[in-house]
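Chemist: Mind docking chains F and E on chain U? Use the hints.
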Amino acid sequence: MTILTQTRNKISLLNGKPVRVLLRYLVIFGVAFVLFGVILWLAGKHPIEAIRDMLVYTLGTPAGLSEVIVKMIPLLFTSIAVALPARVGLINVGAEGQLYIGAMFAAGTALAFPQLPAWILLPMMVAAGLAGGAIWAFIPVFLRARGLVNETITTLLMNYVAPTIVSFFVYGPWRARGTASAPQTVDFAEAARLPSFFDTRIHLGLVIGLVILAAYWYVMKYTRWGLEMRAVGGNQQAARRNGIRWTTYLILAMCVGGAIAGLAGMSEISGIHGRLRPNFSPGFGFTGFLINWLSNGDPIGILLMSFVIAMITSGGDILQLKQGLPFAVLNILLAITLFVVLAKPTLFERKKA
Amino acid sequence: MKLSSDPGLSSKNALISMRGISKQFPTVLANDRVDLDIYPGEIHALLGENGAGKSTLMKILYGFYRADAGKIFFHGEPVSIRSPQDARHIQIGMVFQNLNLIPAMTIAENIALFLQDLPPVYQPQKIHERIEHFSKQYGLEVNPQDLVSQLSIGEQQKVEILKLLLSNARLLILDEPTRVLAPHEIESLFRILDNLRNDGYSFILITHKMKDVLRCADRITVLRSGWVVETLCAEEATEERLIALMFDKEISTHIIRQGQAGALSSQPLLELKGVSTRGEGAATSLNSIDLVIFPGEIVGIAGVSGNGQKELGDVVLGMERIVTGHKLLFGRDCTHRSIADIRKAGVSFIPENPLSMATVPFMTVLENMALTNTWRYARYGGLRVDWQAVRLDMETALGKFGFSFSPYIMARSLSGGNLQRLIIAREMAHNPKLIIASYLTSGLDVQSVMVARQALQQARRDGAGVLLISEDLEELFALSDRLIVLYGGKVVGHFKPAETDSYTVGHLMTGSKAQDDNIDSNPK
Amino acid sequence: MSLLALLGVLSSAIFSGTSLLYTTLGEVIGERAGIVNLGLEGVMLVSAATGFAVTSVTGNPYLGILASMLTGGLMNMLFGYLVIARKANQLASGLATMFFGFGLSALIGSSYVGAKIDSLPRVLFPGLGGLPKQYTSQFQFDLLIYLVVPVAIGVWFLLFRTRWGLGLRAVGESADTAYAAGRNPNIIRYQALFLAGMLAGLGAAHLSIVYTKTWKEFMTAGRGFIAVALVIFSKWHPLRAIAGALLFGGAVAFQLLLQASGVNVSPFLLDSIPYVLTLVVLMAWGGTRKHSAPASLGRVYHGSE
Numbered sequence: 001m002t003i004l005t006q007t008r009n010k011i012s013l014l015n016g017k018p019v020r021v022l023l024r025y026l027v028i029f030g031v032a033f034v035l036f037g038v039i040l041w042l043a044g045k046h047p048i049e050a051i052r053d054m055l056v057y058t059l060g061t062p063a064g065l066s067e068v069i070v071k072m073i074p075l076l077f078t079s080i081a082v083a084l085p086a087r088v089g090l091i092n093v094g095a096e097g098q099l100y101i102g103a104m105f106a107a108g109t110a111l112a113f114p115q116l117p118a119w120i121l122l123p124m125m126v127a128a129g130l131a132g133g134a135i136w137a138f139i140p141v142f143l144r145a146r147g148l149v150n151e152t153i154t155t156l157l158m159n160y161v162a163p164t165i166v167s168f169f170v171y172g173p174w175r176a177r178g179t180a181s182a183p184q185t186v187d188f189a190e191a192a193r194l195p196s197f198f199d200t201r202i203h204l205g206l207v208i209g210l211v212i213l214a215a216y217w218y219v220m221k222y223t224r225w226g227l228e229m230r231a232v233g234g235n236q237q238a239a240r241r242n243g244i245r246w247t248t249y250l251i252l253a254m255c256v257g258g259a260i261a262g263l264a265g266m267s268e269i270s271g272i273h274g275r276l277r278p279n280f281s282p283g284f285g286f287t288g289f290l291i292n293w294l295s296n297g298d299p300i301g302i303l304l305m306s307f308v309i310a311m312i313t314s315g316g317d318i319l320q321l322k323q324g325l326p327f328a329v330l331n332i333l334l335a336i337t338l339f340v341v342l343a344k345p346t347l348f349e350r351k352k353a
Numbered sequence: 001m002k003l004s005s006d007p008g009l010s011s012k013n014a015l016i017s018m019r020g021i022s023k024q025f026p027t028v029l030a031n032d033r034v035d036l037d038i039y040p041g042e043i044h045a046l047l048g049e050n051g052a053g054k055s056t057l058m059k060i061l062y063g064f065y066r067a068d069a070g071k072i073f074f075h076g077e078p079v080s081i082r083s084p085q086d087a088r089h090i091q092i093g094m095v096f097q098n099l100n101l102i103p104a105m106t107i108a109e110n111i112a113l114f115l116q117d118l119p120p121v122y123q124p125q126k127i128h129e130r131i132e133h134f135s136k137q138y139g140l141e142v143n144p145q146d147l148v149s150q151l152s153i154g155e156q157q158k159v160e161i162l163k164l165l166l167s168n169a170r171l172l173i174l175d176e177p178t179r180v181l182a183p184h185e186i187e188s189l190f191r192i193l194d195n196l197r198n199d200g201y202s203f204i205l206i207t208h209k210m211k212d213v214l215r216c217a218d219r220i221t222v223l224r225s226g227w228v229v230e231t232l233c234a235e236e237a238t239e240e241r242l243i244a245l246m247f248d249k250e251i252s253t254h255i256i257r258q259g260q261a262g263a264l265s266s267q268p269l270l271e272l273k274g275v276s277t278r279g280e281g282a283a284t285s286l287n288s289i290d291l292v293i294f295p296g297e298i299v300g301i302a303g304v305s306g307n308g309q310k311e312l313g314d315v316v317l318g319m320e321r322i323v324t325g326h327k328l329l330f331g332r333d334c335t336h337r338s339i340a341d342i343r344k345a346g347v348s349f350i351p352e353n354p355l356s357m358a359t360v361p362f363m364t365v366l367e368n369m370a371l372t373n374t375w376r377y378a379r380y381g382g383l384r385v386d387w388q389a390v391r392l393d394m395e396t397a398l399g400k401f402g403f404s405f406s407p408y409i410m411a412r413s414l415s416g417g418n419l420q421r422l423i424i425a426r427e428m429a430h431n432p433k434l435i436i437a438s439y440l441t442s443g444l445d446v447q448s449v450m451v452a453r454q455a456l457q458q459a460r461r462d463g464a465g466v467l468l469i470s471e472d473l474e475e476l477f478a479l480s481d482r483l484i485v486l487y488g489g490k491v492v493g494h495f496k497p498a499e500t501d502s503y504t505v506g507h508l509m510t511g512s513k514a515q516d517d518n519i520d521s522n523p524k
Numbered sequence: 001m002s003l004l005a006l007l008g009v010l011s012s013a014i015f016s017g018t019s020l021l022y023t024t025l026g027e028v029i030g031e032r033a034g035i036v037n038l039g040l041e042g043v044m045l046v047s048a049a050t051g052f053a054v055t056s057v058t059g060n061p062y063l064g065i066l067a068s069m070l071t072g073g074l075m076n077m078l079f080g081y082l083v084i085a086r087k088a089n090q091l092a093s094g095l096a097t098m099f100f101g102f103g104l105s106a107l108i109g110s111s112y113v114g115a116k117i118d119s120l121p122r123v124l125f126p127g128l129g130g131l132p133k134q135y136t137s138q139f140q141f142d143l144l145i146y147l148v149v150p151v152a153i154g155v156w157f158l159l160f161r162t163r164w165g166l167g168l169r170a171v172g173e174s175a176d177t178a179y180a181a182g183r184n185p186n187i188i189r190y191q192a193l194f195l196a197g198m199l200a201g202l203g204a205a206h207l208s209i210v211y212t213k214t215w216k217e218f219m220t221a222g223r224g225f226i227a228v229a230l231v232i233f234s235k236w237h238p239l240r241a242i243a244g245a246l247l248f249g250g251a252v253a254f255q256l257l258l259q260a261s262g263v264n265v266s267p268f269l270l271d272s273i274p275y276v277l278t279l280v281v282l283m284a285w286g287g288t289r290k291h292s293a294p295a296s297l298g299r300v301y302h303g304s305e
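Protein chains in written order, with my numbering: chain U, 1 to 353; chain F, 1 to 524; chain E, 1 to 305.
The hints are simulated quantities; they were obtained by calculation from the structure and are not laboratory data. Keep in mind that a hint or two might mislead.
[Unchecked claim] Under the rule of at most 20 angstroms between Cα atoms (straight-line distance), these lysine to aspartate or glutamate pairs were calculated in the DMTMM-like manner: (1) Lys12(F) / Asp218(F); (2) Lys211(F) / Glu236(F); (3) Lys235(E) / Asp146(F); (4) Lys136(F) / Glu155(F); (5) Lys87(E) / Asp176(E); (6) Lys216(E) / Asp317(U); (7) Lys221(U) / Asp248(F); (8) Lys59(F) / Asp176(E); (9) Lys433(F) / Asp386(F); (10) Lys496(F) / Asp248(F); (11) Lys496(F) / Glu475(F); (12) Lys433(F) / Asp462(F).
[What the hints assert, rightly or not] Now the in silico label distances, taken between C-beta atoms and shown as ranges: (13) Gly147(U) / Ser415(F): 34 to 42 angstroms; (14) Arg376(F) / Leu26(U): 39 to 47 angstroms; (15) Glu77(F) / Leu147(E): 51 to 59 angstroms; (16) Arg201(U) / Leu4(E): 47 to 55 angstroms; (17) Val113(E) / Gly60(U): 48 to 56 angstroms; (18) Ser406(F) / Asn279(U): 47 to 55 angstroms.
Bear in mind the structure is a predicted one, so any value in this text is a computation, not a measurement. Think of the CB as a built atom: it goes at the ideal place given N, C-alpha and C, for glycine as much as any other residue.
Chain U with its partners taken away, still in its complex shape (with noise of 0.2 angstroms):
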């Protein structure tokens, strides 16, 4: 064998050839701008300059850069609720259920001891949110696992059950005085919010989600039981005539995912609003399970992916204002991103266990 076949191959071991992924990322957006922009043209809008000023705003000012870090973090955390079940092969749509539950088991604990200390409530928080997200993923994965239903469609159907509890609870039991019109719970003590950096609305839940993703990164690559999990998602009959325990990760591998998913929700909810409001996810879900597609579970495409994605949802506040143009709209260019990666999977890209 060559050297160059050799380091090649030495470096497919590690997650991801920089240059090819890098040209991978490039020419997926590249194409999706293109054809975002044609459709905006056709719409009598101005595409460069849109885009032009999507680009500025979110990347060019401190106060668009932080905004941009803000909406990433909660992506940081759906991502990856997508990512660790797709490795053992489980297809994971309802971290926005997961998220809202999660979110749920957080405020009921910040309303139930607001007295506590910051340092004994935060993590009461973070592990209500882990069980709620947790639970909420138990019982497709339960199903899944007793070879009674498929996870896709009970994750996808749970989506729809979670925000109804939630905004039972906040518009009954919960319900702050004097928010008839637009309720929520009373805003959370000092002690439940995540702290922010400096003056910007950057919360801890920044640091929380990058650990959780090097934790992510690390488990997959270097542990036994991402060892195991990858076999178990790479060739399920041949890791379990290898012995290799595979309901027990099936199992394993839904229900931490669902709980970084519900720690998504509790960063939201502690970190920015303070309180718990109805609705209060826009998809970051489903936009999960968008950075999940683009960056194939891969830990750096993910971070790269939240970033990218968080600044073009960042960007459409930009085109309400300078173009007319609806909030909504960016959606197409995430489509079309997703699109041009389902059209040619293999762009660049070598598939991987």
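Modeler: Chains F and E alone, transformed into the frame defined by chain U:
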């Protein structure tokens, strides 16, 4: 080529004639200048053991394969069969072992799906009537409105036959039709075949079962290693004669044995006592298996595929659930232990298809090597994997056999033979006490086959026990210390290879004789 | 709970359920062919926006309905291209279609928010002429409502009494068997998706052009997903979907009724009824063959080997 002795039957009246059919696959010559004639109104058995070429020949007739050489004639006219459509066009139909039915739809719908002349808008009632016309006439009793999922395998088979009849097939090829049938269902099937044959339909039965052949065939063609040994009429066919034709008496018994089996007084590695399993769907159930394996011996399991050998291997590994009976490994009851526990105790498994059954294709060679023994390489409770140790073990294991693979290439880029070598090395790496080798040489090139056999013999020398499941009688005779024959999920014979011959084993494999009433699977 | 109130619920259920039923019927066809379309929400939105825009511009609601149907068919073809030609994962493709629909509909509809249109005329349900006005006003229905049950029967007929429908169902159960029977699974799937898209467009048209007579972003409010749930709830059978659509469509109206009579059930729990019911159905029936989905639902067909 010897056609029947009846002068009235000349090839001119043949419905289908195959002449000089040859088919070469990469590792084997599956059909070697085969001639075959099928006449209207006959049941023709195609008899032979594993790898004789029966299935390939029929797949050529049905259009799945193209022959490399030879011609096919329909009513004396040459035809070209390039796809199943072409075959159906000349009224040939085939019933496969994996039935081609949709469980969630009714019998009528399944049949309607395959009707060539179904109108764009149809009425189920009309279909029911057409079905009933045939079913009454030939004894294929079914209720057209039943869902296929509710039917037994035997009934599903009847539906398949009806499907072909309603599609105007005149020659029906049945692939191992009685494999999954109970005795009374077999008789029922044969009565149906008789009725149809008397009305001018023709059948080709691909089979290895002596009883079936003797009961219903009008003419029999025996294949062996890809060529036609002989074609006979039913009157000329006796069990003895057929066995003699099917099996090569001169099995090269290069009994490469060094050293006899280990002391029989030592504790058995594996004991199966009355083990039964329940196969799902078309899988074979094991029926009260008794088996013992001692250290330092290779126990061969002979049988035509589909009679329980694969299930036996899976049962020992723990992949198949034991419904009644006990399994003891190294003296301890392991009837319901997990695969992980069984492997940890010192059992290894080499399956027939490494890519789909033993490796994760998109993982590297190094990662695949670690898969069976992750517990061995885990450090800090699982937080790290000691890849150095994996590497070391891998090199030692591969070195024992003289192999070498780059650790960082993906498993799927290895050839089949190399992959199997890798698996053999992996499974033998930590001196397993019991090795289950399930068709480990099937589809391999000659060199890899030699390597695999040598590896098993080395293991035996090292004191391990080997459960050798194989389709290849030659291999079994050459390697085994004891030979067990399975038929229909039961042990029907138990020998030392030197004390028997391929004919006797052949009898048992084809169900024509049981050894004697008290099969004692323990060595004498 | 007066009779009038109950009738009001029924009327609401019929109005609300019609668009749901059309969409569900379309999804039944698609899923029977083995394809699950999570992007229905997006398909409906784009169709609704386009139909509304065309109606507003031309002043002709019938043209608007046709435009809506065509749009639905085309959107589904886009989805079909990904799933059939590119063999992409159905769920991800569906979500992409959903996002696309969110954005495209917002773009198309942006100039028409708040526009007023001429809608379809409403005709009293035949045979009720003699009843007092307060009852009859509840039962003035439009053309699409009158057509929905015949269409459902038509879908049933198509699936269960035609050669094409038989082939479609076979494709959804086992594409390989269908192929062995001489069908072309890919072409059948495209055809199924186009038809499904047109039906979804019809449902969307009813929503924007007839029922609400407005366009608003995200106006389908999850109906696309409820349709997917309803397909499961109806066990993939077009006639059962009628009952389910009434039930699901009526849930909201029923909740208002309960509130009005002083029964204190949380509206949100009622909102979740369609999904909870479907989950329960899935769990209860998931194990048995008879009630489970078309066997190949969601799987990629890799062509003949």
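Chemist: For a quick check of understanding: which of the numbered hints are violated here, in increasing order?
Modeler: Of the numbered hints given earlier, those the structure breaks are 7, 9, 17, listed in rising order.
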